[in-house]
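Engineer: Here is what each chain is made of, one letter per residue.
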Amino acid sequence: MTDFKYVGKSIPKEDARAKATGRAVYMDDMRFPGMLYGKVVRCWEHAHAKVKSLDLSEAAKAPGVVKVLAPEDVTQQQYCCNLFDLMAPIPVSRDFFGDLEDESIFTDHVKHQGDAICGIIAKTEKDAERAAKLIKVEYELLPLYHNAKEANKPDAMQFHPDKPGNLAFQLPEQMFPDNAYGWGDVDDAMKEADLIVEDTFYVSKQKQAQMEPHGYIGHYDDMGRLNCWTTSQMPKCVHMKIAKLFALPMTQVKIMQTTIGGAFGGRLGMIGEPYACAMAMAVPGYHVKIMYTREEDWVASESRLPGDYWMKIGFKKDGTPVGVDARFMGDGGGYYTHANGVPFTTGAWLVGMYKWGTCRYKGERYFTNHAPCGAYRGYGNPQTNFVMEQLVDRGCKELGIDPVEWRTKWHKDVGDDGWVLGFQYASCALDTCLKEGAEAFGWKEKREKYANQTGIKRRGVGVACMTHTSGAMPMLLEHTLVVARLNEDATLEIMLGCSDLGTGAHSVLRTMAAETLGWPREDVHLLTGDSDANGFDIAAHASRTIYVGGGAVVSVCEEVIGQLKERAAKLLEVGGPDDIVMEGKNLFVKDHPEKSVSANSIAYDGVYNFVDPATGNRMGIPGQIVAYSSYFPKHNSPPFSAVFVEVEVDTETGQVELIDFLNAYDIGKAIHPGHVEGQLEGGAQQGLGHVLTEDMVYDEDCKIMNASFTDYKMLGPSDMPPMKIMLIEEGDPEGPFGAKSCGEPGLVNPVGATANAIYHATGIQFKKGPITPERILRGIKEKGLN
Amino acid sequence: MKTREITLYVNGEAYHLNVQVNRTLLQVLREDLDLVGTKYGCGTGECGACTVLLDDSDTMLSCLTLAATMDGKHITTIEGLEKDGKLDPIQEAFIETDAIQCGYCTSGMILKSKSLLAKNPKPTEKEIRTQLEGNICRCTGYVKIIDAVQKVSDNLSGK
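Chains H and F, in that order, give the protein sequences. Here the first sequence stands for residues 1 to 786, where the numbers follow our numbering. Here the second sequence stands for residues 1 to 159, where the numbers follow our numbering.
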């Protein structure tokens with residue numbers, strides 16, 4: 001076991017003090033002299049309509065109003081808020097995916113409630129809000145489409161001329177024959193099955209509900225630069241997207257991040273940056289701040305992709321899964337957004353989890369008149385978990401096989417293809433997770449104890465597995481540029497674009513740098529959140545920052561060490577850098593510690609390099625040490641996990657009480673155990689909420705009915721079960737220090753495990769998520785208890 | 001808009017203010033007094049991010065409180081907990097137990113925790129959970145927040 005100074009220790013994260021004192025600066029805390037306020041005027045009353053007339057004249061005269069912006073007053077360039085067009089090769093995104101740029105800054109065709117129709121810039125937020133009420137709009141109402149089935153009907157109105165049937169996306173034939181992802185002949189295989197389990201489920205529309213609403217500041221400055229402060233989780237892609245949208249070179253656009261109050265995928269891509277920038281360009285020289293209200297954030301920004309999800313699994317009597325056949329039809333909302341992403345990954349997590357004999361997954365996304373769907377922690381994985389894990393348990397029950405035993409036998413393992421076929425798992429500790437997790441949870445005892453209950457309150461235990469990814473390669477681009485500059489006092493400035501969404505990622509990256517160098521953490525600083533200083537980084541998405549950003553940081557530190565050793569070898573007059581050992585800041589000749597030079601003197605002499613007046617020679621080696629790593633990871637080292645949940649179902653009220661929870665998690669190596677636990681615990685709150693309570697509910701007019709923390713129920717402290725997190729550290733051959741990811745996965749398998757625990761308690765599988773008390777009571781009434 | 005003259009005591013300092021009667025305490029704290037540690041999360045009293053302390057014991061939601069009604073009241077915001085460069089034990093505990101992730105709920109959560117410990121220095125875990133019900137955290141699953149409160153309670157009782 002390597003003896004680490006920092007890695008594996010839970011050091012308080014460095015922004016914690018600023019946050020504990022209220023001094024951390026979030027978007028709404030930022031102010032500039034003469035700052036103006038922007039209000040995006042949205043259509044609240046309709047979900048599908050044409051703007052027949054828009055009269056801004058009264059609003060323009062209102063007190064405090066500086067400018068009103070109609071659709072024609074801003075750039076007419078359309079855009080897609082998502083960034084997959086940057087992440088995949090252009091022929092793939094354009095020709096195979098059929099990617100669309102179908103969003104306008106302000107639209108005359110409202111496609112969902114909350115769509116933006118115009119803008120107001122005023123001296124105060126209140127002035128802007130009051131003026132918005134003076135705008136006169138006439139709408140022509142258009143037919144409403146709640147879901148994929150309605151939108152796909154032959155007589156349905158087309159959302160976009162290039163997308164017949166309102167099918168925004170399906171797996172493209174050129175890459176996926178028969179528009180399906182998988183292998184083998186599923187139809188043939190199913191003929192060999194002794195048992196077939198099959199059903200159509202509905203996976204719900206969950207909201208990220210990060211605590212800080214979206215916010216932005218735009219500033220078109222006197223040097224013609226467009227500056228934008230953002231809470232985006234992918235600032236460098238926003239940099240390029242904004243430059244393109246406003247036809248500016250990237251040098252004339254600057255993107256800066258503030259402290260980010262949670263993201264969970266909700267800040268992936270562009271959200272409100274186009275509005276803030278368009279408004280800023282309308283009032284050159286002035287800062288324009290846009291803060292979304294909570295309701296705006298809820299109604300108009302993106303959510304998880306819901307939809308009907310059909311699946312069929314064929315088993316042999318001994319449990320052998322001969323095949324899985326599935327089709328997910330996503331209700332995507334009014335715009336293209338992430339149409340090409342989630343319908344693929346939803347299947348990828350199915351492909352990667354178990355050793356199906358054959359597999360055929362079809363994923364589609366349709367336009368509807370609900371709020372657009374985008375990225376949310378898990379990116380298709382919770383959807384698949386809800387369906388796949390329940391059907392596996394149904395098969396296990398029919399066949400009399402223990403669910404833990406089945407999963408232990410049939411999960412994919414080292415050498416098997418992962419979520420991208422042809423790309424094999426390099427490590428997998430799921431056997432350990434299942435074994436040690438089951439023991440610690442008391443799986444066998446509880447499973448037997450709750451087998452035959454008769455009372456009103458019935459307990460049950462469930463298990464579910466999960467695999468995810470550490471970065472999006474090989475499907476999507478994975479790239480982080482890190483530049484490191486050795487200061488003249490031998491401390492290191494590391495510049496990189498990786499975001500910290502509140503996870504502690506920046507602290508951990510600093511730890512990894514210090515550990516690689518063998519220097520105190522204080523001797524390393526990270527410069528982030530500034531597009532002028534930071535090179536390319538794809539984003540804080542796909543649970544990649546510690547794995548890819550960490551890999552990049554380690555590699556740049558190794559490059560710094562290499563340069564120091566090279567100079568030391570010259571100064572000490574030995575063969576080359578391989579003959580030099582660096583311990584802390586001391587560099588010496590191998591086996592000759594007396595022949596040494598300090599990093600401090602190398603660094604100092606490199607910067608303050610003088611000519612010796614006596615000899616005329618330079619003193620030391622000239623040149624400041626700068627290293628860079630344009631880092632592309634070799635792998636995606638998927639993590640695995642087994643979650644165990646115990647519930648108590650009140651069969652008279654339908655209430656589900658969460659009694660116990662355990663996540664045995666294959667982290668490879670926990671660089672910061674406290675942060676890893678925090679990710680898994682926080683993920684569980686969202687996963688348990690996804691399966692039990694969370695869903696955006698729409699009325700018949702496609703208007704949302706629960707856009708508030710009261711009406712959209714998230715689990716609070718009293719609802720949460722006691723939680724145990726078991727970190728299984730067996731290392732990964734590719735990850736930095738053996739680490740794998742933990743950002744998204746914590747949300748995923750609490751979903752399936754809870755559904756399975758309810759199944760164990762009641763004998764009923766609930767196909768429509770979330771599994772609310774109403775649905776439980778209806779299920780009991782229709783099917784009876786076991 | 002009508003205004004009202006009030007004297008508001010915030011973090012031990014008296015402020016003589018002429019406030020518009022429709023403005024909330026949250027707006028006055030953030031916009032007039034520049035105390036931006038108190039956060040807007042929902043504006044409707046549902047998330048607890050705007051929690052402040054009243055008379056050092058009760059908590060109140062500043063987004064639901066009209067500033068004009070606060071004449072003569074003593075308010076503590078998150079900025080008022082640090083004394084002479086020394087953090088309050090509950091702030092220290094939140095830092096040490098990793099109870100802070102994105103930090104947006106933290107001000108309200110810390111003040112709520114301070115209030116609950118002021119009233120009940122030895123709360124059970126269940127009491128802590130119940131008391132924190134009105135403060136939403138979307139990052140932590142509440143585990144380490146509850147640990148932090150428990151830790152301060154243990155220290156107070158010399159456990």
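The reader is advised that the hints may include incorrect statements.
To be verified - According to the in silico footprint, chain F covers these stretches of chain H (three or more CB under 8 Å from chain F): (1) 176-183; (2) 256-262; (3) 414-425; (4) 495-504; (5) 623-637; (6) 705-712; (7) 715-723.
What the hints assert, rightly or not - From the derived model, a few chain H residues whose C-beta atoms are all more than 12 Å from chain F: (8) Ala-18; (9) Ala-193; (10) Met-281; (11) Asp-297; (12) Gln-563; (13) Asp-650; (14) Gln-679; (15) Pro-750.
Honestly, the hints are just simulated from the structure, not real lab data. Please read all numbers here as calculations on a predicted model, not as lab measurements. We put the beta carbon where it would ideally sit given N, CA and C, even for glycine.
Engineer: Evaluate each hint against the coordinates.
Structural biologist: Quick rundown of the hints versus the structure:
1. 176-183: violated (count 0)
2. 256-262: Satisfied; 4 residues make the cut.
3. 414-425: violated (count 0)
4. 495-504: With 4 residues close enough to chain F, the hint holds.
5. 623-637: violated (count 0)
6. 705-712: The restraint on the region 705-712 of chain H holds, since 3 of its residues have a Cβ under 8 Å from chain F and three suffice.
7. 715-723: With 5 residues close enough to chain F, the hint holds.
8. Ala-18: violated (8 Å)
9. Ala-193: holds (39 Å)
10. Met-281: With a cut-off of 12 Å, Met-281/H remains clear of chain F, as the shortest Cβ separation is near 26 Å.
11. Asp-297: Not fine: 9 Å to the nearest Cβ puts Asp-297/H too close to chain F.
12. Gln-563: holds (36 Å)
13. Asp-650: holds (19 Å)
14. Gln-679: Given that some Cβ of chain F is not farther than 12 Å from that of Gln-679/H, nearest at about 8 Å, it is violated.
15. Pro-750: Violated: least Cβ distance 10 Å, not greater than 12 Å.
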